[in-house]
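Engineer: Kindly produce the complete structure, drawing on both the sequences and the hints.
2 protein chains.
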Amino acid sequence: MSRPKLQDVAARAGVSVTTVSRVLNNRGYLSDDIKKRVDDAVAELGYRPNEIARSLIGQRSTLVGLIVPTVADPFFGELASHAEGALAERGYKMLLCDCHDTPEREEKYLDLLQGNRVDGIISSTHNRDVAGYGRADLPIVAIDRRLGDGIPTVHSDNRTGGVLATEHLIARGSRAPVHLTATDHPGNQRAAAYRERMAAHGLEARVMAYGYDTSLDERRAVIETWLTVNPCDGVFASDDLTALMALEWARKTGRRVPDDLRIVGYDGSAALQLAVPGLTTVRQPIERMARRAVDLLLERMADATADVAAQDPLPVALRHGWTS
Amino acid sequence: MSRPKLQDVAARAGVSVTTVSRVLNNRGYLSDDIKKRVDDAVAELGYRPNEIARSLIGQRSTLVGLIVPTVADPFFGELASHAEGALAERGYKMLLCDCHDTPEREEKYLDLLQGNRVDGIISSTHNRDVAGYGRADLPIVAIDRRLGDGIPTVHSDNRTGGVLATEHLIARGSRAPVHLTATDHPGNQRAAAYRERMAAHGLEARVMAYGYDTSLDERRAVIETWLTVNPCDGVFASDDLTALMALEWARKTGRRVPDDLRIVGYDGSAALQLAVPGLTTVRQPIERMARRAVDLLLERMADATADVAAQDPLPVALRHGWTS
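Listed in order, the protein sequences are those of chains E and B. Just so you know, we're using the UniProt record's numbering here: the first sequence kicks off at 1 and counts up by one. Just so you know, we're using the UniProt record's numbering here: the second sequence kicks off at 1 and counts up by one.
Watch out, some of these pointers could steer you wrong.
[What the hints assert, rightly or not] Not everything, but these chain E residues come out facing chain B in the computed CB check (under 8 Å): (1) LEU24; (2) THR70; (3) PRO74; (4) MET94; (5) LEU164; (6) GLY173; (7) LEU244; (8) ARG288.
[Claimed, not checked] Taking lysine-lysine and the DSBU-like style, the derived pairs with C-alpha atoms no more than 35 Å apart in a straight line are: (9) E/LYS36 with B/LYS108; (10) E/LYS5 with E/LYS35; (11) E/LYS5 with B/LYS5; (12) B/LYS5 with B/LYS36; (13) B/LYS252 with E/LYS108.
In case anyone wonders, no lab produced these hints; they're calculated from the structure. Ideal placement from N, C-alpha and C gives every residue a C-beta, glycine not left out.
Structural biologist: Okay, structure coming up:
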């Protein structure tokens, strides 16, 4: 293992170690000639700066942590892919923290990320009882979740999404559409919009919350039981996987879609739109959400005291397929 | 920012800084009493060891890089989720390197990971022209890809998978099934098994390779064109997303599935099985593949000279749905 060292680069370039370090870290005045000599020596020797050591000197790790429920879900997979791409363009690496849908993991990851001195955290989970964020002393940006005062949130227009889905079902003739969601808390704008539009049409709102830390199999079981005992002619699901569970339940129980049951999902990830192009869904601008989260995080990292301007929600759109 | 320092822990525990460091790194002989005093001081002060500094001392970063085509694809999302989980259980963090399906990115990531002194790399991509792996001087494990001598590969039984899919299509009555795959190279066991079984039945094999660094939209366009000009009554697709593209093409062009066209996919990720439960597919044991890759990598990290035992391929199984 004869990896070239800083000293080797200095000797090759005919400058001091300190000068090499200044060139690599782009600090202080340096003539073009010096920069070129150091760059050439780096290239000739195949020298690779030890970024761990650099991060100690510079107090920066160039690491950002992304906390998500699980990238096995295509929505979060696509979000993680875009967040990683946007971070890589800016010279940051991304630690993936996959909570496997459990709040316990999220608490542990938050601790771990701080211990590793990441430069910032992007959190996109829906567990509501994780206390650590308030205590965290590093820049955090949330996606589609309110984590606390001073923590910016990136979200798309959940209220409009809820209006579009509900009004679409009603316009197509549904009189008893239900809403399936993970958690029915006061901040849930999609559920609020559903209730509001149902009331405006004089229809009875029924919201079924299957809970967040349930496996896909558990979720499917609880949804199928609930749909079986709660007669309905429409489903507005707060994510596409849940909508597809309703579609499969309809198939198994002999209900015709859309005649007997109209189904609208939410998210519109590329993989699921490709898998089931006929699914009506409210599409979130996943790449724009990921990029905005990265932009906001880098702003906060550059200036921790920067004002958190309220962000306009990003626009959503309904995509009409044969399921509704 | 009054983060407790090593010195504060030492003062609280009434021991030297060196002793605290030895306890934290579990080095040398230490009495239970000393260990307890340091542990208590750490807990009372809420001290969090700076792992970047620790990694410099210990020459370990506890970071592992995972290179994948993209986690926006549910198969790689599920694989990444399980790899991250298995690494977290062993105290490692995972840097996600999402290539967005381009070989250029893979080369860059390989460089970047080495510059960051990760302890190891797991690579699961299908680009075949990335030269960097042979030069890499750190432990690497490949998933479903041959990277070079001395680099262990984890794979499931691609040959049997190809046999199961092809024989199933023929048994169901298909006489002109085609095979859709990313790249048709000599090491492609699924394509080899397809050709072998077709020949055994006296049928003409036709393999269509759409290329690896194509976007989903490009892939869909090239597959639809190809299927339109190449009459067939069956499709064996080497991944589920491609199978679902064939399914959608059949719907758009008025072909009945399975009567006019029988379709078999490959992978069986949880999300797509949930999205399209009727899709016949060859299921790979995704979690077992991820866990075996992590196990092998940790073995190599512990002993770089360890013999790379040839690994038996992990078993696959055909799941029969209504598409075939």
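Engineer: If a hint holds in the structure, say so; if it doesn't, say that too.
Structural biologist: Cross-check of the supplied hints:
no., hint, result
1, LEU24, "violated (11 Å)"
2, THR70, "holds (5 Å)"
3, PRO74, "holds (5 Å)"
4, MET94, "holds (5 Å)"
5, LEU164, "violated (22 Å)"
6, GLY173, "violated (24 Å)"
7, LEU244, "holds (5 Å)"
8, ARG288, "violated (15 Å)"
9, E/LYS36 with B/LYS108, "holds (22 Å)"
10, E/LYS5 with E/LYS35, "holds (18 Å)"
11, E/LYS5 with B/LYS5, "holds (30 Å)"
12, B/LYS5 with B/LYS36, "holds (18 Å)"
13, B/LYS252 with E/LYS108, "violated (48 Å)"
The earlier numbered hints that this structure contradicts are 1, 5, 6, 8, 13.
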